[in-house]
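S.K.: Residues per chain are reported as follows:
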Amino acid sequence: MFKLSSEGEAFVKKELTRYETKRSAIIPCLYKVQEENDGWVSPESVEYLAKLMDLPSAWVNEVLKFYTMFNQKPIGKLHVQVCCNISCAMNGGRELANHLNKEFNIKDGEISADGNVTISRAECLGSCGTAPMMQVNDNYYEDLTPATAVDTIKSLIVKGSV
Amino acid sequence: MPKLTINGTEVEVKEGATVIEAFKKMNEDIAHYCWHPGLSIAGVCRLCMIDVEGARGPQIACNTLAKEGMVVTNQSEQIKDIVKWGMDFHLINHPLDCPICDQAGECGLQEQYMKFGQYDPEMDQPKVKKRKVVDLGEKIVLDSERCILCSRCVRFTDEVSKTKELGIFNRGDRSEVGTFADKPLNNKYSLNTVDICPVGALTSKDFRFRQRVWYLKNDDTVCNGCSTGCNVKVYYNEDGLFRVTPEYNEDVNGYWMCDEGRDIYKFANKDQRLLKAKKYDGSSWQEQTAGKAMQELHHNLFDDVKTNCSKVGVVFTGQYTNEEYADAMQTFKSLGVASFFEWNDTAENVNDFDDLLIRGDKNPNTKGLQDEAANHSGLKKLADAIAAVNSGQIDTIFVMAPENIAVYPNYQSTYEALSKAKNFIWFGANKTDGFEKTNSQNTYLIPMKSYIEKSGTFSGAKAIQKFNYVTTIVAGALTLSEAMTLFQGKEIEFELRSKPMKTLKNNHFTSNRGKL
Amino acid sequence: MSKAPQPSGLSNWYLPGIFKGLWYTLTNMIKNIFNRKGMPTLNYPEEKYNYSPRFKGSHVLTVKKDGSLRCTACMLCATNCPAQCITIEASEHEDPEVEKFPIKYEIDVLRCVYCGFCEEACPVDAVRMGPEWQTPGLAGSNFNYDIQKLAYRANLKGGIQSSLDDKERHEAGI
Amino acid sequence: METKVLSEHYDKPSFKTLSGYKELSGYEDLAKALKMDPKKIIEDVKAAGLRGRGGAGFPTGVKWGFLPDNGEPRYLLCNADEGEPGTFKDRLMMERAPHQLIEGMIISAFAIGSKKSYIYIRGEYNESIRILEKALKEAYDDGLLGKNILDSGFDHDMDIYVGAGAYICGEETAMISSLEGLKGQPKLKPPFPAIEGYLKKPTIVNNVESLAAVKYIIRDGVDGYRKYGTEKSAGTKLFSVSGNVVKPGNYEIPLGMSMKELIMDIAGGIKPGRKLKAVIPGGSSTPILTAEEALKVDMDYESMAELGTFLGSGAVIVIDDSNCMVDLLGVLMHFYHHESCGQCTPCREGTGWLNKLVHSILKGEAKMKDLELINGVSNHMMGRTICALSDAAAMPALSFLKKFRDEFEYYVKEGRSKIKGVSYAEVNH
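Chains as they are written, first to last, in the working numbering: chain R, 78 to 239; chain W, 66 to 581; chain Z, 1031 to 1204; chain B, 324 to 752.
Quick caveat, the hints were computed from the structure, so don't treat them as lab data.
Beta carbons: idealized from backbone N, C-alpha and C, even for Gly.
Do not rely on the hints blindly, as some may be mistaken.
Just some of the chain W residues that point at chain Z, by a computed CB distance under 10 Å [as the list claims (entries may be wrong)]:
{"no.": "1", "residue": "Asp162"}
{"no.": "2", "residue": "Cys163"}
{"no.": "3", "residue": "Pro164"}
{"no.": "4", "residue": "Cys166"}
{"no.": "5", "residue": "Ala169"}
{"no.": "6", "residue": "Val225"}
{"no.": "7", "residue": "Lys270"}
{"no.": "8", "residue": "Phe274"}
{"no.": "9", "residue": "Arg275"}
{"no.": "10", "residue": "Tyr280"}
{"no.": "11", "residue": "Asp284"}
Counterexamples of contact, computed for chain W against chain Z with all Cβ distances above 12 Å [what the hints assert, rightly or not]:
{"no.": "12", "residue": "Thr354"}
{"no.": "13", "residue": "Ser375"}
{"no.": "14", "residue": "Gln435"}
Throw the hints in and build the complete structure from the sequences for me.
M.R.: So this is what it looks like as structure tokens:
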């Protein structure tokens, strides 16, 4: 059974009063849940959060399912999102994503065998001038080639495991 | 009061009304799925397009305020084209399962298609697949593939029932309506979502697959489930009644009714009814027709009642019409009987109300009974009647039993207690399983008509409402008025009803049968 | 109303008519004895008439590849039946892809006029009119055909398969 | 030539901090504005001809003028949900000059009399969120936000709201829905947000660049601001140039400059050996221009309108002759299908239909009549829905098909790309 840490619960309490309506706090609170639930929001955590916020679970679920930044499936430690929209596509974004798929031997949305990497294709991430690019967890990595992208991810894996 | 012109005809509407309401007022055809007069405006189906003179382009009628001097049409070529394509957009991902869809025959998409469509589909790509036959609790089944995402049901649970179980999840053409984690949709008004669903996405488990709607006729009546008296439509055919849906009445129930009220057609069906009068003479039960039984009662009992009027009691329940009360009380008063009792098993919750429709008093006409009795000697409690029977103060008792016995938990025990009287006459619509154990040596069980089979008025909590005969289910049953007439030794005057045959819809299959 | 004219003369006398009839019988009898192939009647039941393949005879309910009924209990055949001889009772199927199926499908063939409207109304090719026409029975109840008789009678050899299958339809995304 | 007004100090790292910003005469215009009459500021913004920089190009001052004068609380929303493919100017502005935005917002809030404002920023911009949060804290600590700002008696609170990944939230009413905690679905108009917006209160939603530009209208005055640009398209604007150019990036130029100069000169031109084929002038939603059209058009609202396209958010996507247009349309249609909020039927079903149609061409399964169908579907998606996403999906489809029909026909007939000679079935997801 998922439960937020006491710090997380305090955060939820604070967010509930931060905005004019309680409902506005759903997005920030879902971020918090995702952070504490290994990067994804499980159905049971939605139930839990709805109870904690005293809102209908359908409302929380609606928000969860609407936005792409909430993961509804477990993901790897590094969530690699490769932009495949128009400017990146023209500069090799899709080839980059395909290369990464091959390199880590996973399809989009899957977790690699060691549990480290999930690759997905994202829509425009607002970095068109430095295409192709990818976002790994919170950070942007721009002006990539397939080789530099793999190097970046591998070095991040090493860093993460140390 | 703005006046506007719609398709060339002038119409006056209320201040603040939308153009679509003006269309409805004129009975002018306008396509729409998401707009519902009892809900907020969503404006998402984009079918109620109109041309307004002087506007930039086509507008949706549901979100356009009617203004003085507006000239509106939905008959232009452009609008027809838009509606045709609007249909297309609705249909491209809609499954072709009309044959197994319960909504077929009263489906918004079918109606639109027959009016505006009748062309071959242009989409030859695979359709988006969604979940089918999702179980949403005891009452409702969801088919999200058929859903056209008009959001009516979601708005209903948000705005009317305020239970907020439903939501639309995901986005784009992956959107699916549903409850979180398929929790049951079990609020007291949940079946209204089935009514307002323009397609077969939400279907009622009770009605599902039992009949095709084109086999059913329908008629308006007043619900007798509680003292609110919602206006309802009952659907029936020669096999009996099949469902009840709400009918609009601004003063009483708006567009809605409760789920409990939808079940009350069941006791009126033949399998739940007392079909023949029954008589127990101390040794065996005999069956006879109701009229015969009443005539027999007249011969055997009428004079007896007159002479021993102080030892006669009459028990009423709040489930008969005002007219029947008046006739019955008048009859007994003329015989000198003054002991009238009220039997109401929900008496302690009479004033309960959930602020929408459901009331604690589960009798439709308690007020009518009390008002009528006030003209005579008033009503005593049922306990007094039982005590009087036990002590022998009363030896002849007439019981006007309820027809909706689900709200009478002490039905059986009351029967047994009252049957201790020497002469025991029970008027009731329900079948009498377990009634063999009578304590009286002279018991009559007289079959009564249910509210479906008679005309009359109910004095509900909100209004006094007249309702009409719908159909006959038990041929020999009587109304209380008829029973009283026969009891007095008179004859019933029959009026022949010529009721026009009404089918639910003039459906394509039957009307074009000869052309196949 | 006017009276029919009274026959008069020779036609009033019946014997010439009788001889005329007997003469006709005699000539045909002799013709048939010498030319048996030209005889218009058959020695039923030893000989049987060969009807055209389009003959609309006894009804058949088709089955799916797994042998279950193709019928979805949509009731369009019953709706369309001019003799009102089809009775269907639908029920919920446990497989959500099938959803609805008939637990009772009866055709009262004594009322049936063999018009074939049911076949035409069926959206899923579930009911067909087969070539059989010899359907004797000893009691009235023998003519109320149920699912067992309509879909699985012995001479259908396990059932006629419908060309449409749910699975294929779903896979094709229809 | 670039004309740096807003982006003058963007390359100085200290511009990010309050002290560095103040050194470069930051927050001086706020002090100046707080002494002015709010009505005068609105008049000035109107007179300066500032048009919304987010995409629609609606005059900012006029929008402010729609606010009802009924004393109700009103909200200012900064639209930093930059999602239009090809656009990355707002990110630059927030990362390089957060205080410029905050100052512009306080001035705008003062002008419209708002006591509370939100910056709605897309969730992917983590760097911008971090920088803005820091800047907000600095501003609060310095008394630039909160009660009685700079002793003017004007109170204002500002907060950041982080989105969670939905392109549609860049639409102003969808943004309001999202801020209210609903799904980010656009609301019905009328009523417009200026009358009934956030929590049914009057709300003004402006783009980052528009709000930042207000500061410069105060600084330079109406005439000073109008020094650049044309009569109807005044001032300078940041353009995000991306795609097949040598130096992609954000460039601030006065409106009215020719596109040729922007692409060939400022952005370094097309890569050697390649030829210009087409340009999407204002983000992926705007109709595409062919090379000839692109070389003669000026970068202002009117010239674009003449060619049937829009200046949009200022995302110039340059396409050279190595690209297959069918493939690119496939990318775009996938995007709009993915981002349609699912509310209105024509958009929900239409984007999916278009996506399937274009991808059936890419897979080589399409027939010639499908091209007409793309036209038909697109035409019936335009102007039929609550917001403009439906149009945004239909316009590229229509213009791609109209201007590069030969490539589409070739693909349908041969089952492979005219440019690359291969089928794209495998490349696409």
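S.K.: Against this structure, judge whether each hint is valid.
M.R.: We went through each hint and held it up to the structure:
1. For Asp162/W, the shortest C-beta to C-beta distance to chain Z is roughly 8 Å, which falls under 10 Å, so the interface hint holds.
2. This hint holds: Cys163/W has a C-beta 8 Å from the nearest C-beta of chain Z, less than the 10 Å allowed.
3. Among the interface hints, the one on Pro164/W holds; its C-beta lies about 3 Å from the nearest C-beta in chain Z, closer than the 10 Å criterion.
4. About 9 Å separates the beta-carbon of Cys166/W from the nearest beta-carbon of chain Z, less than 10 Å, and the hint is met.
5. Below 10 Å, beta-carbon pairs count as interface contacts, and Ala169/W has one with chain Z at about 8 Å; its hint therefore holds.
6. Proximity of Val225/W to chain Z is violated relative to the hint, the smallest CB-CB distance being about 29 Å (cut-off 10 Å).
7. At its closest, the beta carbon of Lys270/W sits 9 Å from a beta carbon of chain Z; the interface hint therefore holds under the 10 Å criterion.
8. Residue-level restraint check for Phe274/W holds (minimum Cβ-Cβ distance to chain Z is 4 Å; threshold 10 Å).
9. Below 10 Å, beta-carbon pairs count as interface contacts, and Arg275/W has one with chain Z at about 8 Å; its hint therefore holds.
10. Using the Cβ-Cβ criterion of 10 Å, the hint placing Tyr280/W at the interface with chain Z is satisfied: the shortest such distance is roughly 8 Å.
11. The closest approach between the C-beta of Asp284/W and any C-beta of chain Z is roughly 21 Å, which is over the 10 Å cut-off, so the hint fails.
12. Distance check on Thr354/W: its Cβ is at least 30 Å (rounded) from any Cβ of chain Z, clearing the 12 Å threshold; non-interface status holds.
13. For Ser375/W, the shortest C-beta to C-beta distance to chain Z comes to about 56 Å, beyond the 12 Å cut-off, and the non-interface label holds.
14. No beta-carbon of chain Z comes within 12 Å of the beta-carbon of Gln435/W; the shortest separation is about 46 Å.
Of the numbered hints stated above, those contradicted by the structure are hints 6 and 11, listed in ascending order.
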